[in-house]
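J.: Chains as they are written, first to last, in this note's numbering: chain A, 1 to 135; chain B, 136 to 330.
I should point out that these hints are in silico values taken from the structure, not numbers from a laboratory.
A few of these clues could be false.
[Stated by the list, open to error] Which chain B residues stay away from chain A? Per the calculated CB distances, all over 10 Å, these:
hint	residue
1	143
2	145
3	272
[As the list claims (entries may be wrong)] Which bits of chain A does chain B cover? Going by a derived footprint, with three or more residues having C-beta under 8 Å, they are:
hint	stretch
4	54-62
5	113-121
Each residue gets a CB set at the ideal place from its N, CA and C atoms; glycine is no exception.
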Amino acid sequence: MLELFLDKYNYWIVIVLMLFGLYIVISRGNLVKKLVGLNVFQTSVFLFYISLAKAEGGTAPILTGKTELFSNPLPHVLILTAIVVGIATTALGLALVVRIQETYNTIEEDELEDLNVAVMKGEQDRIPGAEGEAR
Amino acid sequence: MGSGLVNVAVDISLMTLLAVTAIGIIRSRHLFATAMLSGIYSLISAALFVTLDAVDVAFTEAAVGAGISTVLMLGAMTLTRRSEKHAVKLHIGPILVCLAVGAALIYGTVEMPPFGSTEAAGFKHIVPEYIAGSRDDIQVPNIVTSILASYRGFDTLGETAVIFTAGIGVWFLIGRRRREDEEDEKKTETPGDRA
């Protein structure tokens, strides 16, 4: 039982972290908070890859001429790329949030939805009026 | 064996700290505290990357994840607002979705190789070639560097393309608008000066 726990502990805690991130993204209405949740989700995936790359008793993949057992360097490379791409998505998301705040003066999802409903209603009211003018 | 036990203890305690920080992020309503907690989260995960032998990843995560993204969050916050409007409460629907996803993922870990196993498929396929090639052909001591810049150079090229695209996107969303505002201000100022 203890062995199973030690074998899988990293994977399970990564899953828990991922679910925390997913929960924030789904349940919170604030757009900045959603992006933080997305970051939590993302970092948990990084941890999953790096956990898979770990070799028991291995060292960091740097050639010193002594040890021959290295942790797997390929996931390290993939995650290096993913971290930088992640910061790009965060920056773009935050820029969108700033624009939404400037235009609608709110970054809460439900208030934006209310605004959307109000706009739709306004358009529906306007269409019969426009027809009336045409006649 | 002693150092192995210490490694396991450090790994488990850091992972638990990460989970605690994530709970803090969920519970906090103040966006400033949330940004700080997400910086802490990134730093703890950088420490974990060191214990998992991924030193390059740890370096990047500490610089980019904890540094730049926290600065970006704080910058966005000064332009928007500091706290969430709605109180933090538990939503049943999302919890059910998360539990279902979690159950499926944990079912998926049953067949996975144990943590730290070198028998995993990832160690067998192409990685031995990369390690040998890095030693004999490329002769760069850091294997991660030789894969990043040589064997998977096109990945890195694609990454720079993504960063460039994101930069253009941010510029069109925020940068151009600001400049037009300034020009409008100048236009409104000039007639006033003439008068």
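J.: It remains to establish, for every hint, whether it holds in the given structure.
T.: Going down the list of hints, with the structure as the test:
1. Non-interface status of residue 143(B) relative to chain A is broken: a Cβ of that chain comes within 10 Å, the nearest being about 6 Å off.
2. Distance check for residue 145(B) against chain A: the nearest CB is about 12 Å away, which clears 10 Å, and the non-interface claim stands.
3. Residue placement check: residue 272(B) keeps its beta carbon more than 10 Å from all beta carbons of chain A (closest about 12 Å).
4. With 9 residues bearing a CB less than 8 Å from a CB of chain B, the stretch 54-62 of chain A meets the requirement of three and the coverage assertion stands.
5. As drawn, the stretch 113-121 of chain A meets chain B at 0 residues by the rule of a beta-carbon pair under 8 Å; below three, the given contact is violated.
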